[in-house]
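**Q** Line by line, the protein sequences give chains A and B. Per our numbering, residue 1 is the first one in the first sequence, and the count goes up by one each step. Per our numbering, residue 1 is the first one in the second sequence, and the count goes up by one each step.
There could be a bad hint or two in this list.
For identical chains, the list gives no copy identity; a pair is met inside one copy or between any two copies.
To be verified - Computed list of lysine-lysine pairs in BS3-like fashion (alpha-carbon distance at most 30 Å, straight line):
id : residue 1 : residue 2
1  : K206      : K142
2  : K51       : K171
3  : K84       : K192
4  : K84       : K206
5  : K142      : K254
6  : K254      : K125
7  : K192      : K254
8  : K254      : K100
9  : K84       : K254
10 : K97       : K254
11 : K142      : K84
12 : K224      : K84
13 : K51       : K254
14 : K100      : K125
15 : K97       : K142
16 : K100      : K51
17 : K51       : K142
18 : K206      : K100
19 : K206      : K97
20 : K171      : K125
To be clear, the hints were calculated from the coordinates, so they are not data collected in a lab. Keep in mind that this is a model prediction, so the values were computed, not measured.
Number of protein chains: 2
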Amino acid sequence: MTDTRGQPRYRIAVDAMGGDYAPGEIVQGAVEAALRGDVKVLLVGEQEALKGMVPVPALPTLEVIFSQGVITEAEHPVEALRHKPRASIAVAAGLVKVGKADGYVTMGSTGAAMAAGMVALGTLKGVDRPALGGPFLGLAPKTTVIDLGTSVDCRPSQLLNYGVLGSVFSKVFLGIENPRVALLSVGAEEGKGNRQVRETYPLFQKSGLNFIGNVEGMDVPLGKADVVVCDGFVGNVLMKFAEGLGLAVVQYLKARVSREGPEVASELLRELTNLTNLVEHRGGGPLLGLNGVAVVGHGRSRAPSVTAAIDMACMALERGLVDMMRRELTQVQQRVQV
Amino acid sequence: MTDTRGQPRYRIAVDAMGGDYAPGEIVQGAVEAALRGDVKVLLVGEQEALKGMVPVPALPTLEVIFSQGVITEAEHPVEALRHKPRASIAVAAGLVKVGKADGYVTMGSTGAAMAAGMVALGTLKGVDRPALGGPFLGLAPKTTVIDLGTSVDCRPSQLLNYGVLGSVFSKVFLGIENPRVALLSVGAEEGKGNRQVRETYPLFQKSGLNFIGNVEGMDVPLGKADVVVCDGFVGNVLMKFAEGLGLAVVQYLKARVSREGPEVASELLRELTNLTNLVEHRGGGPLLGLNGVAVVGHGRSRAPSVTAAIDMACMALERGLVDMMRRELTQVQQRVQV
């Protein structure tokens with residue numbers, strides 16, 4: 001059953017209890033990754049819930065670690081962690097803290113993943129809260145938007161740091177050598193925008209990043225920048241708006257097709273959903289700015305997305321994501337303070 | 001040539017110099033409205049620019065008024081108004097102030113239209129700056145989003161007032177009896193959102209509006225609320241993002257069609273643009289919260305959109321938009337203060 005193409009290079013803790021299809025699809029995705037033999041999966045979940053799910057005989061690349069309690073989307077992450085210190089996400093992050101795992105992956109609550117990561121690993125210097133960033137449109141698959149919702153009410157220095165994190169993400173995961181970084185605003189000219197953007201603009205000018213100025217909403221799907229920096233409130237609204245827009249277009253076209261016959265290729269409908277929603281089709285995204293590797297996937301992830309999230313964590317480790325972020329943050333912070 | 005179906009009920013000042021296709025398309029749209037005979041158009045523009053454009057013999061429903069100077073998008077509106085007090089937009093707004101016109105229409109700079117309106121007419125009690133609001137998605141043609149970009153960094157009381165203005169807009173222009181009003185946020189639950197939204201929430205709860213709580217970005221195209229209230233920064237980014245997304249989808253599908261032959265109905269491509277961008281196909285929108293009627297259209301408006309904008313100004317007058325807004329603002333402000 002086992003594939004021994006390689007020795008496991010990395011040990012990834014997987015939160016088996018988080019996500020809409022937990023634990024079934026999570027376990028399946030984790031086992032899939034473990035079967036390949038190049039990663040060791042530490043599956044963290046409740047004894048009762050995992051019963052009968054893990055293959056027997058055991059895989060050498062799969063270890064099960066029991067937890068108690070699950071933190072849901074509805075709970076306040078910090079309080080929930082306090083009341084459930086043995087919850088699956090806390091145990092998974094804790095394994096990284098004590099050096100038993102190299103990174104962790106969850107399809108559960110982003111807030112809980114972040115809170116657990118901050119407690120266990122802390123953030124990189126200058127980062128108040130980790131960000132979620134990456135491409136979210138199939139139409140602009142190389143345009144990273146950061147932050148997508150972990151930090152609202154960002155201070156200008158925070159947005160600057162997110163620019164750095166986004167730029168490194170773009171290099172490491174998308175292979176863009178010198179990413180064009182832009183601030184999202186309501187006009188291209190300097191001086192356009194809300195107070196937050198207007199105060200952030202001069203910091204970017206001094207940063208040494210490849211800063212191309214402000215871009216407008218229109219420029220995001222048209223790919224005018226490689227990294228679009230915005231407050232998590234704006235990024236989250238935008239990402240979910242795109243998802244809703246894709247759904248609404250598909251609903252509209254479906255109704256039209258059924259009225260007017262099959263002249264419209266129904267394949268297009270499937271494509272359209274992907275064009276406006278990448279996230280469901282990726283493994284997830286790393287929490288950027290955490291002092292360690294953590295990947296958070298979409299709550300609706302099925303097994304293949306879980307496997308992809310584990311791969312993403314391994315890639316972050318292999319390419320030295322965290323070290324590169326630490327280095328570039330320090331450089332930029334020095335330039336801006338001069 | 002003249003159509004005498006009715007006596008002109010309203011006198012509308014039209015800024016002939018504002019817009020990408022000014023003065024040609026503006027004059028054409030204005031003449032079109034004047035020809036119908038039920039509105040008197042006061043066409044405001046530079047003598048030189050209008051030469052030979054206005055029909056001879058003159059229409060009884062068309063009067064030309066000369067101005068000097070034009071305020072462009074690139075200028076700071078307030079300063080530009082100071083230096084060009086006889087600019088077309090200033091003259092148009094001034095005609096309303098002195099009672100020679102009942103409302104004004106422009107396809108020029110929104111900032112200039114607003115500044116001129118605030119100087120000439122002032123705002124309704126409680127409104128710091130007028131807002132632009134209305135549906136902007138063909139997919140959700142009855143969902144009003146307010147503010148679309150005139151006011152960034154709104155205080156909570158300002159967002160509340162925009163909720164009132166949006167609700168009245170929805171009743172008057174879209175015929176929705178008891179509009180469902182929502183705050184745009186990053187989660188449906190009370191307490192989700194940035195500081196601005198969290199502080200605004202309790203004001204809406206006390207307002208007596210048909211407040212349904214927070215909606216997320218996804219809910220806008222799906223039409224879950226009739227009036228979606230947000231800061232102008234967010235609304236503007238969202239509206240332009242939708243426009244860009246529509247363009248990008250059409251580009252994508254065009255490339256696909258040319259690769260794979262004509263199986264995809266090319267009519268769909270045209271439709272898709274409309275689904276994501278209503279504004280170009282409407283006459284424009286009234287400046288909401290101004291103590292008088294002013295309609296600002298899209299810069300790219302052609303003649304038919306200019307005519308439609310004039311119609312919209314007449315409709316605002318006929319249905320008593322400004323009085324209804326004044327009344328409801330007072331009611332809500334009293335409820336919230338108790």
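**Q** Hints first: check each against the structure and report whether it holds.
**A** The hints, checked one at a time:
In this assembly of identical chains, K206 and K142 lie within 30 Å of each other by CA distance solely inside one copy; the values are 25 Å within and 45 Å between copies. Taking the closest pair of Cα atoms, K51 and K171 never come within 30 Å of each other, the shortest separation being 42 Å inside a single copy and 57 Å across copies. In this homomeric assembly, K84 and K192 come within 30 Å of each other (Cα to Cα) only across copies, at 22 Å, whereas the closest approach inside a single copy is 46 Å. Neither within a single protomer nor between protomers do K84 and K206 lie at most 30 Å apart by alpha-carbon distance, with minima of 44 Å and 36 Å respectively.
Both within a single protomer and between protomers do K142 and K254 lie at most 30 Å apart by alpha-carbon distance, with minima of 29 Å and 20 Å respectively. With identical chains, the CA atoms of K254 and K125 are never at most 30 Å apart, being 50 Å at best within one copy and 47 Å at best between copies. In this homomeric assembly, K192 and K254 never come within 30 Å of each other (Cα to Cα): the closest approach is 40 Å inside a single copy and 34 Å across copies. In this assembly of identical chains, K254 and K100 lie within 30 Å of each other by CA distance neither inside one copy nor across copies; the values are 50 Å within and 51 Å between.
Taking the shortest Cα distances, K84 and K254 never come within 30 Å of each other, neither inside one copy (46 Å) nor across copies (53 Å). Taking identical chains as interchangeable, the C-alpha atoms of K97 and K254 are never at most 30 Å apart, the minima being 50 Å within one chain and 51 Å between chains. In this assembly of identical chains, the alpha carbons of K142 and K84 never lie at most 30 Å apart, being 38 Å within a copy and 45 Å across copies at closest. Within a single copy, K224 and K84 get their C-alpha atoms no closer than 45 Å, and across copies no closer than 35 Å, so neither meets the 30 Å cut-off.
In this assembly of identical chains, K51 and K254 lie within 30 Å of each other by CA distance neither inside one copy nor across copies; the values are 42 Å within and 51 Å between. Taking CA atoms no more than 30 Å apart as the test, K100 paired with K125 passes inside one copy only; the shortest distance there is 24 Å, against 63 Å between copies. Neither within a single protomer nor between protomers do K97 and K142 lie at most 30 Å apart by alpha-carbon distance, with minima of 32 Å and 52 Å respectively. For the homomeric pair K100 and K51, the shortest alpha-carbon distance inside one copy (23 Å) is at most 30 Å, but the shortest distance between copies (82 Å) is not.
For the identical chains of this complex, K51 and K142 are neighbours neither inside a copy (41 Å) nor across copies (51 Å), given an alpha-carbon limit of 30 Å. Taking the closest pair of Cα atoms, K206 and K100 never come within 30 Å of each other, the shortest separation being 40 Å inside a single copy and 53 Å across copies. In this assembly of identical chains, K206 and K97 lie within 30 Å of each other by CA distance neither inside one copy nor across copies; the values are 35 Å within and 47 Å between. In this homomeric assembly, K171 and K125 come within 30 Å of each other (Cα to Cα) only inside a single copy, at 20 Å, whereas the closest approach across copies is 52 Å.
Violated hints for the displayed structure, listed by number in ascending order: 2, 4, 6, 7, 8, 9, 10, 11, 12, 13, 15, 17, 18, 19.
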